[in-house]
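Student: Below, each chain spelled out in residue letters.
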Amino acid sequence: MALNQYYNEMFVADGEVRPHYAPFAQWLGETPPERIAQDRHAADLLFHRVGITFAVYGEASGTERLIPFDIVPHVIPAERWDVLARGLRQRVTALNRFLHDVYHEREILAAGKVPEDQVLGNSQYRPEMVGIDVPGGVYAHIAGVDLVKNADGEYYVLEDNLRTPSGVSYMLENRKMMMRLFPELFATQHIRPVDHYPDLLLETLREVAPRDVESPVIVLLTPGHFNSAYFEHAFLAQQMGIELVEGQDLFVQDDTVFMRTTQGPQRVDVVYRRIDDDFLDPLAFRPDSMLGVPGLLSAFRAGRVALANAIGTGVADDKSLYPYVPEMIRFYLGEEPILKNVPTYQLRDPKDLAYTLAHLPELVVKETQGSGGYGMLVGPTASKDEIENYRRRIVDAPERFIAQPTLSLSLVPTFCGDSLSPRHIDLRPYVLSGNEVRFVPGGLTRVALREGSLVVNSSQGGGVKDTWVVD
Amino acid sequence: MLSRVASNLYWMSRYVERAENTARVLDVTWRMSLLVKEPRLQDQEWFAPLNITGTLFPFSGRHSLVCAKEVLHFMALDPENPCSIYSCAKQARENARAVRGALTSEMWEVVNSTWLEMQQMDEARMNARGVSAFFDWVKERSHLFRGVTFGTMRRDDAYHFTRLGTHIERADSTARILDVKYHILLPSVKDVGRAVDYYQWSAVLRSVSAFEAYRKVYRDAITPIKLAELLILRDDLPRSLAFCMRQVSETLDIVQNDRSAETQRRAGQILSQLRYGRIADIFASGLHEYLTEYLDAMQELGTHIQGSFFAPTLPR
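Residue numbers (the numbering used here), protein chains in the order written: chain B, -1 to 469; chain V, -15 to 300.
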């Protein structure tokens, strides 16, 4: 695989450093390798001590791992970010309008812009939400939009995560670590700050409180400390100064949510929940769920508590509806989409299915319901056996899959051992929607540490980098 | 604050305190065993830590003889022993991890890095470092935990429940140390007023950091009755029963709720007996009997704290 078929964020083809990376490249050239090695080691120790670990599913329970942190940042020029930011605002606004629409008037379905059966027949469509008004008409208060840069130097949206996107704590901790280890880098150039993210999130959550009170009671609902993202739940609750609760800490009475405290029950106004819809309320969804709160759906429907994100957002980030997002932007906002969509084959369509089956070694195939990089096929790096096994799964239930051309994710130099090698990255900015849309510049950069790998998920050997938007 | 969180904080600090107290008892036992040469007495020495923590039975289930090396390992490093320093560090960390949001980051770092270092510890390392150096490390981590709690936590309910755990555990532990050591060192009641083996009794004082305090308060040779008075009734000594119970009672008054009246009453009752008790009366009715009654009352107080603050609040 020739490297020049990928976009390298730091170098142009002849090895010259791109202007926005120049200060970092100069620093790298002037800093003794021993100091860098020492500081990389210090970063590992610090992350361990602070306990920034994640649990890995499928391994012995309680296994905690560190997400590898790489000190070479992902640098984005400010003018490039500003365009991205406009695109993110546009896209998430349209997605929230779409969610309101499909649970109310269904205008977009009537107009024939999105196939009705794909929405109403979707397993993520929640009939319980039909006709329910949510505060400010916002459904996805927190969105984590995954972007990649292709060989053409253009950004593409890979997926819109509108359920319970995670990873923002790494964005914050990565920045803290870089500033602690290499303060000189921040003195010589203007890198836009990200540390106020918890403030923005808190502001967003306060805005959606259904009760008009001076200081609404906001809680973060976690599945508990065995969950892979528990560190993040605890971290965010602490940063915002809100209670971190588990299902057993809450109860519902007369459609009102209370938490059990040492002083007796206290009413809750907003639940920032990091539990999937299915586990949220055993009375309404999976009856075997021990994580949720019986009666929560009923309280939510009665408008007595706000949920962030709302129930039923999964219908808008479903991979089978992803191809229609540009159409949603045109329909609701009357604008042309700023961010590009990856061309997508829907295997429910016989023509797309035939094409995909004939081109499996070139394509990426994903389950429409999958996430976390589990259960996907990356054609160009898969073995013959893997492809044939996957082919059988597709033929069994084509409607459960989509296929996309393999994107050439851009590269950033990354420390592998003591030397730098190019590795593939993606970018997840976090978009907050309340009375207005807010975000911090940049997001979480994930890096595939295995040579040639295009899978950046932490559960699959991915690492993280600091993301700099520089003026 | 959340009942579950209050409970985790309370147990987190109980386990930190328990690790420290176990280290103290083991350290003193270890030092004494270097002085005592007679094998029968040595065995008695090594029974003490097991008796104090109530783990003689599980220990004897797995070991035929009580000997220094095995007791040390069992009490310090054995993951199977729920009372070992190792297990306490683990439990403290598990409780802290479940409520990270309620801790300051400094507190979390102390509890977490203690556990990380503890996992690196084995018998070879402990011996290489020196057994006493290991116990000093455990004590220092506990000092650090309390210092960071004191220096970084807002004086809210989280702080109060953390402190409550520390003092309940310590009020329990000092009484157990006293009870067991008296039993070994003073088989005959008529000796209570006499000066006794200096090393033995000063070791008991050192195990609760009260040696210098004894000298300052009494300016006299160490006698068992004065030692007991100091550790039970003296309310300005941070590891005495009276001091710990005053802290417990005051804390309960701060965190009280509409179900906690009985819990507060029980704490107040234990405190009054300490505040107005006389050491001569205690010895007249028997120190062992007195401490047994006290430990039973503490046990019940613990159950009431559980019921008043940590039991899930049921909807009306």
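Keep in mind the hints are simulated off the structure, nothing from the lab.
Some clues are possibly wrong.
Stated by the list, open to error - Label-pair distances were calculated between CB atoms; the ranges are: (1) B:R190 - V:I238: 54 to 62 Å; (2) V:E124 - B:D42: 20 to 28 Å; (3) V:S89 - B:R448: 27 to 35 Å; (4) V:A117 - B:R448: 50 to 58 Å; (5) B:R47 - V:G261: 40 to 48 Å; (6) B:D469 - V:A117: 47 to 55 Å; (7) B:R178 - V:A108: 43 to 51 Å; (8) V:E124 - B:Q458: 50 to 58 Å; (9) B:H194 - V:E107: 48 to 56 Å; (10) B:Q246 - V:P222: 31 to 39 Å; (11) V:S89 - B:D469: 51 to 59 Å; (12) V:A117 - B:H194: 27 to 35 Å.
Said to hold, decoys possible - Think about it this way: if two alpha-carbon atoms lie no more than 20 Å apart in a straight line, the pair counts; the simulated SDA-like pairs of lysine to any residue are: (13) V:K74 - B:A11; (14) V:K123 - V:A112; (15) B:K174 - V:K74; (16) B:K174 - V:E93; (17) V:K123 - B:F224; (18) V:K74 - B:H46; (19) V:K74 - B:R47; (20) B:K174 - V:E273.
No residue lacks a Cβ here, since even glycine has one placed at the ideal position from N, Cα and C.
Student: Hint by hint, say whether it matches the structure.
Tutor: Quick rundown of the hints versus the structure:
1. B:R190 - V:I238: 54 to 62 Å: With a Cβ separation near 45 Å, B:R190 and V:I238 fall outside 54 to 62 Å, so the hint is violated.
2. V:E124 - B:D42: 20 to 28 Å: For B:D42 against V:E124, whose Cβ atoms are near 25 Å apart, the range 20 to 28 Å holds.
3. V:S89 - B:R448: 27 to 35 Å: 33 Å, holds
4. V:A117 - B:R448: 50 to 58 Å: With a Cβ separation near 43 Å, V:A117 and B:R448 fall outside 50 to 58 Å, so the hint is violated.
5. B:R47 - V:G261: 40 to 48 Å: Taking Cβ atoms as reference, B:R47 and V:G261 lie about 46 Å apart, which means the hint holds.
6. B:D469 - V:A117: 47 to 55 Å: With Cβ atoms ~53 Å apart, the hint holds.
7. B:R178 - V:A108: 43 to 51 Å: About 35 Å separates the Cβ atoms of B:R178 and V:A108, which means 43 to 51 Å is violated.
8. V:E124 - B:Q458: 50 to 58 Å: 41 Å, violated
9. B:H194 - V:E107: 48 to 56 Å: Holds: the Cβ-Cβ distance is about 50 Å, inside 48 to 56 Å.
10. B:Q246 - V:P222: 31 to 39 Å: For V:P222 against B:Q246, whose Cβ atoms are near 36 Å apart, the range 31 to 39 Å holds.
11. V:S89 - B:D469: 51 to 59 Å: 31 Å, violated
12. V:A117 - B:H194: 27 to 35 Å: Distance hint for V:A117, B:H194 is violated at roughly 45 Å.
13. V:K74 - B:A11: 53 Å, violated
14. V:K123 - V:A112: 18 Å, holds
15. B:K174 - V:K74: Violated, at about 28 Å.
16. B:K174 - V:E93: Answer holds: B:K174 to V:E93 is near 16 Å, not above 20 Å.
17. V:K123 - B:F224: 30 Å, violated
18. V:K74 - B:H46: Distance of about 16 Å is within 20 Å: holds.
19. V:K74 - B:R47: 15 Å, holds
20. B:K174 - V:E273: 58 Å, violated
In summary, the structure is inconsistent with hints 1, 4, 7, 8, 11, 12, 13, 15, 17 and 20 from the numbered list given earlier, while agreeing with the others.
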